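Colleague: Here are the chains, one letter per residue:
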Amino acid sequence: MIPRRAQSLAALTGIVILAIAISPVAGDGSRVFLQLGNLTDILRQISLIGMIALAMTFVILTGGIDLSVGSILALATAVTAMVLTRVAPGMSYGPHILLAIAAAVAVAGITGVLNGAVVATLRIQPFIVTLASMIGVRGLAKWITRNENIDIGFGQDVAAQFATVFREKAIVIGAYACAAAMFWLMLARTVFGRHVRAIGDNEKAAQYAGLPIRRTKLWVYTISGLLSGVAGVLYAAENHQGNPNAGVAYELDAIAAVVIGGTPLSGGRGSISGTIVGSLIMGVLTNMLRLKNVDSNLEMMIKAVIIVLAVAVQRERESA
Amino acid sequence: MLAGAAVLFSTACGSGGGAAGGKKQFLVAFSQANNAEPYRAAQNATMQKLFAQYPDVNLVIADAQQDNSKQVAQVETFIRQKPDLLIVAPNERAALTAVMGQAMEAKIPVMCLERDILQPNYTTYIHSDNVAIGRLAGQFIVDRLAKKYGKPKGKVVAMRGLLGVEGEINRDKGAREVLQKYPEIQIVADPVADWIQAKAKDRMTEVLRAQPQIDVVYGHNDPMAIGAYLAAKELGRDKEMIFVGVDGLGGPAGGIKKVMDGILAATFVYPLCVDKAVEIGNRILHEKGFKPEKEYTIDSQIVTPQNAAQLYGQ
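The listed protein sequences correspond, in order, to chains A and B. Numbering of the first sequence is given in our numbering, commencing with residue 3 and proceeding in unit increments. Numbering of the second sequence is given in our numbering, commencing with residue 17 and proceeding in unit increments.
Among these hints, one or two may not hold up.
Below 25 Å or equal to it, Euclidean Cα-Cα: the simulated DSS-like pairs (lysine-lysine) are [stated by the list, open to error]:
| no. | chain 1 | residue 1 | chain 2 | residue 2 |
| --- | --- | --- | --- | --- |
| 1 | B | LYS310 | B | LYS292 |
| 2 | B | LYS249 | A | LYS294 |
| 3 | A | LYS171 | B | LYS255 |
| 4 | B | LYS171 | A | LYS294 |
Negatives, chain A to chain B, calculated, CB over 12 Å [unchecked claim]:
| no. | residue |
| --- | --- |
| 5 | ALA8 |
| 6 | GLY16 |
| 7 | GLY92 |
| 8 | GLY96 |
| 9 | ILE152 |
| 10 | ILE154 |
| 11 | GLY176 |
| 12 | ALA190 |
| 13 | ALA208 |
| 14 | ALA306 |
| 15 | VAL313 |
Partial selection, computed: residues in chain B whose CB lies under 7 Å from chain A [stated by the list, open to error]:
| no. | residue |
| --- | --- |
| 16 | ALA205 |
| 17 | VAL208 |
| 18 | GLN213 |
| 19 | ALA214 |
| 20 | ALA226 |
| 21 | GLN227 |
| 22 | PRO268 |
Don't read these hints as lab results, they were simulated from the structure. Keep in mind it's a predicted model, so treat the numbers as computed, not measured. Ideal Cβ placement from N, Cα and C applies to all residues, glycine included.
Assemble the whole structure, with the sequences as input and the hints as a guide.
Modeller: Take a look at the structure:
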């Protein structure tokens with residue numbers, strides 16, 4: 003019997019084996035899927051949504067949800083690009099880039115604080131609160147950019163330098179790896195992590211036990227906003243633009259990764275390692291199908307089946 | 017927070033009804049399919065700029081956010097306001113056909129912009145021709161391959177937009193018509209990137225892994241061609257191939273600038289159609305007895321490094 007924690011890992015292993023089996027063969031006889039470049043492509047492609055999914059795991063563990071992450075990401079891309087291209091603080095490149103990143107992450111964090119404050123104090127359902135901010139923040143991103151993409155360009159100026167550094171695979175994957183390690187430690191080894199789980203498991207009991215419910219909720223939504231902001235900074239670098247329409251439906255991809263990783267939407271139990279595996283499953287699946295030039299409509303249908311299967315397998319083992 | 021919302025609301029509404037007394041004021045209502053696309057944002061901006069030259073014209077723009085039922089509702093509301101001219105850039109053909117017919121019945125002059133509808137429920141239809149643009153792009157690709165290899169042969173990647181949309185179907189169709197005449201030109205991959213640059217970059221990365229040699233990337237819009245370029249650049253293969261786009265928008269984020277920067281080998285202007293729309297619109301408003309043609313087709317234009325700087329200036 004495979005322990006529960008390892009079941010999503012087993013699913014990932016199965017998909018990887020399938021991907022190796024059907025991978026096209028390169029000129030030198032090697033499998034394209036297994037090339038180091040391709041494997042790091044997958045990691046880079048899952049990094050942004052993967053990061054958002056880490057924070058989403060915390061939100062879902064408390065029994066909440068955060069639908070506003072894609073809009074926050076868009077706002078952060080816009081702020082990054084605008085500070086880089088339209089603000090001339092008379093600084094050298096390094097501090098200017100830091101200023102842009104700080105501004106974007108701060109704005110994203112403030113949005114998260116607002117989400118958390120409303121959820122924790124007004125006791126409105128998180129779905130509704132973050133649905134509202136998903137709409138409102140998207141509007142804000144479009145408003146400050148006047149619906150236009152803010153171009154970062156390819157020259158020698160500070161904006162282009164920013165993009166050159168922060169679109170590096172090593173930086174993007176490294177940021178994801180660091181975030182993953184931090185979140186794993188936070189959930190498994192800290193008091194805060196225990197509170198997150200306890201609140202989702204049984205909020206009433208947590209309340210009687212005197213756990214800081216409001217403060218914990220405020221923090222998980224703040225963290226979710228911050229991570230969406232970091233993802234937005236990396237998105238701006240990777241695509242050389244601030245884009246108010248970026249990140250549409252990212253919240254759904256992030257939630258899918260969390261759920262495939264074995265965290266139920268009702269919260270209370272689940273793990274960061276599961277979410278990482280969930281993100282990897284989605285990434286490998288996309289890569290495998292695209293390398294084979296599978297029809298994109300078919301791709302969507304295959305993904306749907308995999309999502310349901312991945313979750314169903316875990317439920318079955320659990321009840322057995 | 018509420019006070020902030022109230023301020024926003026009142027300023028948003030305040031810009032709507034500024035009819036000065038005296039001379040007759042004309043209301044022009046424009047229902048835009050989706051402000052989020054850069055092409056459509058450029059349409060809006062140009063239309064505002066051009067109509068601003070006429071102080072007796074009050075232009076109102078509504079954004080349907082790529083949603084058919086929202087756009088139908090907006091057009092219905094416009095009909096109640098009895099505008100002197102209704103301009104509709106339909107989100108989809110079937111959904112808008114009936115409501116534009118209602119506007120015609122209400123004796124409102126209706127201008128259909130860029131995308132057509134199922135029945136000619138409009139006074140005039142101003143559009144460009146995506147098949148012709150596809151053919152121009154296809155011919156450009158053939159010429160460049162012939163120059164490279166001495167005869168038309170090579171490997172082409174097509175980056176496709178949202179499947180089922182008129183622009184995607186016809187930009188693809190026109191190019192394939194031309195390319196198919198040359199059996200040695202192969203379309204080795206045609207991934208779907210839904211018009212989006214970030215998606216095109218990911219899809220192109222996979223194509224690059226699977227294809228050792230690529231000569232041309234044809235993006236059905238400029239952002240997708242740029243996304244493909246970013247992917248190739250990252251793998252150090254951007255010099256191996258050329259990138260061709262469609263749209264040719266102005267401004268620092270547009271395709272014309274990307275041709276100037278040497279990222280795109282060429283782009284084909286998909287005309288905004290707005291200059292013509294404002295010209296015809298003004299004649300409808302100001303000239304008694306003016307009858308517009310049922311249809312105006314605006315030609316495309318190729319943008320290459322030779323003429324990009326000059327076009328960018330305009």
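Colleague: Would you mind marking each hint as holding or not holding in the structure?
Modeller: Against the structure, the hints:
no.: 1; hint: B:LYS310 - B:LYS292; result: holds, 13 Å
no.: 2; hint: B:LYS249 - A:LYS294; result: holds, 23 Å
no.: 3; hint: A:LYS171 - B:LYS255; result: holds, 20 Å
no.: 4; hint: B:LYS171 - A:LYS294; result: holds, 17 Å
no.: 5; hint: ALA8; result: holds, 29 Å
no.: 6; hint: GLY16; result: holds, 21 Å
no.: 7; hint: GLY92; result: holds, 22 Å
no.: 8; hint: GLY96; result: holds, 23 Å
no.: 9; hint: ILE152; result: violated, 7 Å
no.: 10; hint: ILE154; result: violated, 9 Å
no.: 11; hint: GLY176; result: holds, 16 Å
no.: 12; hint: ALA190; result: holds, 32 Å
no.: 13; hint: ALA208; result: holds, 29 Å
no.: 14; hint: ALA306; result: holds, 17 Å
no.: 15; hint: VAL313; result: holds, 25 Å
no.: 16; hint: ALA205; result: holds, 6 Å
no.: 17; hint: VAL208; result: holds, 4 Å
no.: 18; hint: GLN213; result: holds, 6 Å
no.: 19; hint: ALA214; result: holds, 5 Å
no.: 20; hint: ALA226; result: holds, 5 Å
no.: 21; hint: GLN227; result: violated, 9 Å
no.: 22; hint: PRO268; result: holds, 4 Å
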